[in-house]
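Below, each chain spelled out in residue letters.
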Amino acid sequence: MTPAVRAGRAVLRVFLVTWFLLPLVPLVLWAATETWTGATPLPQKWGAQGFTDAFADGGALAFLRSLALGCVVALLATPAGTVAARALTLRTVPRPRFVSALLIAPVVLPVFAVVMGLDVVLLRLHVPGELGIVLVLAVASLPYTTYLMRLAYSAYDFAFEDEARTLGASRRAVLWRVRLPLLAPGLAAAAFLAFLVGWSDYIVTLLIGGGRFVTLPVLVASAASGTGNEPTVAALSITALVPPFLALAAVGVLRRSLARPMSRLTARPTPGNAFHRALPTRGAAA
Amino acid sequence: MTPRTHTWSWRGTVAVAPAVLAVLFVICAGLGGTLLQSVGLMPLVGAPRLSFAGYLHAGDELLTATGLSLLIASASTLVAALVGLTSALVLVGSRSGKVLSGLVTASIPVPHLVGAASVGLLLADTGLVARWLGVPAQAWPSLVAGRWPTAVIFEYAWKESAFVALVVSVTLAMRLPDYHETAAVLGAGPWARLRHVSLPLAAPSLLAASAVAFVYTLGSYEVAWLLGAVYPEPLPVMSYRLFTSTDLTARPEAMAVAVTTAALSGAAALAALALLRRLAAWR
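First to last, the sequence lines map onto chains C and H.
Per the working numbering, the first sequence starts with residue 22, numbered consecutively.
Per the working numbering, the second sequence starts with residue 61, numbered consecutively.
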C-alpha cells in the first residue's frame, strides 16, 4: 500500500467517524450545561439543571409510559412475527407469497397516512386510544420481527426438534429447551427492533392520542420546538437514548454469549438427513 | 437445513392469523378511511357525497409539497447510500474498524426525533458549529428552518447512512472474504476487486436499503416539522397541519395529501422491486 493510499484511508476514516459522531455531540454538551451564552466554544457554567427541569416537566412518568409502550409492542409483535415466520418457513400457510408481501407491506406505507384514516374507524368502534396506538405500532413492527425471524429460521435445523421428540421430549420441553434457546439471538434482535418502534414513536401517539398520551418523544418534541431551553431538550433526549443503548448492549452480549455454545452445537454432526429421512415418525411428530 | 415441505394446514393458518389479521385491519381500515374521507364519502359532519374538492383545494400547495418531499427524500437517500456504502466497504475491508462499527451500530437506535433535536442544536444560528467557528448568529446561513431544507436532509442522511452501512456490511461480511481471496489469487488489484467484486456484491442490498430509506423519509413527519421552514412544507407536515386545523372542511384536503403520499410511497416501492428483480436476473 502506497503512503498516499494510506493517508487517503486515514482521512476517509476520520470523516466517517466525525459524520456518525458529530450529530450527537450537542446533546452531551448541552445536557451538562448551566449557562452558555455567546460564541464561546464551551459552556461558561456546567451543571445538571437540564435534568432537573426535565424531571419537573413530568419526564419520569413519560419515561415509564414510553418504556411500557415499547415493551408491550415488543411482547405482541415478536411472538406474532415468530409464529408467522415459522409457518412461512415450513410452508404450511395458504398463499405464502401473499402473506409474505402483506407482512412486509407496513414498511412501505407512510404511517401517518394510514393512522389518519384509522382514527375515525377506531373512534366509531369505541376502541380506547392506548389500544389503538399499541395496535398500529405492533403492525408497524411486524415486518421487522417477521423478517428477522425468517432469517433465524432459515439457519435453523428442524431436525433437532424431531430428535428431541423421538428421545421422548414433550412439546413443551421441545419449545423451552430446543427451539427457544436455538432461536434466542434472532428473538432478541426482533424484540429489540419492535421495542424501538414503540419507544421512538411520535406521530402515531400524537395522531391517535391527540396529545393526551404523553410519552418521552412527545416531551422531547414540545421542548425542542421551543427556544432558550437547550439544556432541557438535551437532558430529555439523552434520557430517550438510555434504554435503546442498554437494550442494544444487552442484545450484543446475549448474541455473543450464545454464539459460542451454538457454534459448537452446529459444528457437531447434526441429526443427519439420511437418518431422519428413514424415520417413519417424522411427519407425525410435527 | 432443509425445512420440511408441507402443504398448507390449519396449524399454519392459525399461526399467521394474528399477524395477518392485524396488518389487514390496520391497512384496510386505515387506507380505506383515508381514501373515503379524501373524496367526501366519510365526512365528520353531514351526509356523504362524492367530491374531489379535497384534491382540487390542495392544488398548487400539494404540488409544491410533493416536490419538496421528493427533494428531501432523494437528496438524503443519495447521501445516505454514498456514505453508507463507503462505511460498509471500510468496515469489511479492515479488521480494526471497532470505533466506526460501534458508532454505526449506536446510530441505529437513535429515535429520529432525538436526532432532529440534536441536529437543531448543532446547525441552528446559535448552534454548536456556529459557536465553535465563532460566527455570529446574523451571519450564519439559515440551515435550520431556512429556504432550503439543509438540516432536514442532513438528519435523514446521517441516520439512514447508518442503516445502509449496517445492511450492506452484513451482506458483504457474509460473502466478500472468499470472493476477494479468489480475485486476488487471479491477479485482481484493489480497484478491480472494488469494481468487479465488492460493488456488484453490495448492489442488491444497497438498493434495497436505499429504497427503504427513501420510502421512510417520504412518509416521516417529525424531522421536517422540527427542522424545516413554515413554508414550503413537505407532504406529511402539510397533511398534519390540515388534519389538526379547526376548519373541518380542511379534513378532505388533509386526506388528499395523505393519499398522495401513500401513492408516491407505493410507486417508489414497486419501482425498487422491479429494479431488484432486474439486478437478480442480470446476476
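Think of the hints as simulated: they come from the structure by calculation, not from any bench.
One should not assume that every hint holds.
A partial selection of chain H residues facing chain C, derived with a Cβ cut-off under 10 Å [said to hold, decoys possible]:
#1 166
#2 170
#3 181
#4 214
#5 243
#6 245
#7 246
#8 286
#9 295
#10 304
#11 306
Ranges between beta-carbon positions, derived for each pair [stated by the list, open to error]:
#12 H:119 / C:28: 53 to 63 Å
#13 C:73 / H:73: 49 to 59 Å
#14 H:194 / C:23: 46 to 56 Å
#15 H:73 / C:190: 39 to 49 Å
#16 H:250 / C:192: 48 to 58 Å
#17 H:120 / C:36: 53 to 63 Å
#18 H:242 / C:152: 32 to 42 Å
#19 H:304 / C:42: 50 to 60 Å
#20 H:260 / C:36: 22 to 32 Å
#21 C:42 / H:106: 54 to 64 Å
#22 H:206 / C:270: 17 to 27 Å
#23 C:36 / H:206: 19 to 29 Å
#24 C:152 / H:106: 40 to 50 Å
Glycine included, every Cβ here is placed at the ideal spot set by N, Cα and C.
Against the structure, the hints:
no.	hint	verdict
1	166	7 Å, holds
2	170	6 Å, holds
3	181	4 Å, holds
4	214	8 Å, holds
5	243	17 Å, violated
6	245	19 Å, violated
7	246	20 Å, violated
8	286	6 Å, holds
9	295	8 Å, holds
10	304	9 Å, holds
11	306	14 Å, violated
12	H:119 / C:28: 53 to 63 Å	55 Å, holds
13	C:73 / H:73: 49 to 59 Å	55 Å, holds
14	H:194 / C:23: 46 to 56 Å	38 Å, violated
15	H:73 / C:190: 39 to 49 Å	26 Å, violated
16	H:250 / C:192: 48 to 58 Å	54 Å, holds
17	H:120 / C:36: 53 to 63 Å	41 Å, violated
18	H:242 / C:152: 32 to 42 Å	55 Å, violated
19	H:304 / C:42: 50 to 60 Å	36 Å, violated
20	H:260 / C:36: 22 to 32 Å	25 Å, holds
21	C:42 / H:106: 54 to 64 Å	55 Å, holds
22	H:206 / C:270: 17 to 27 Å	38 Å, violated
23	C:36 / H:206: 19 to 29 Å	25 Å, holds
24	C:152 / H:106: 40 to 50 Å	29 Å, violated
Against the hints set out earlier in the document, violations occur for numbers 5, 6, 7, 11, 14, 15, 17, 18, 19, 22 and 24.
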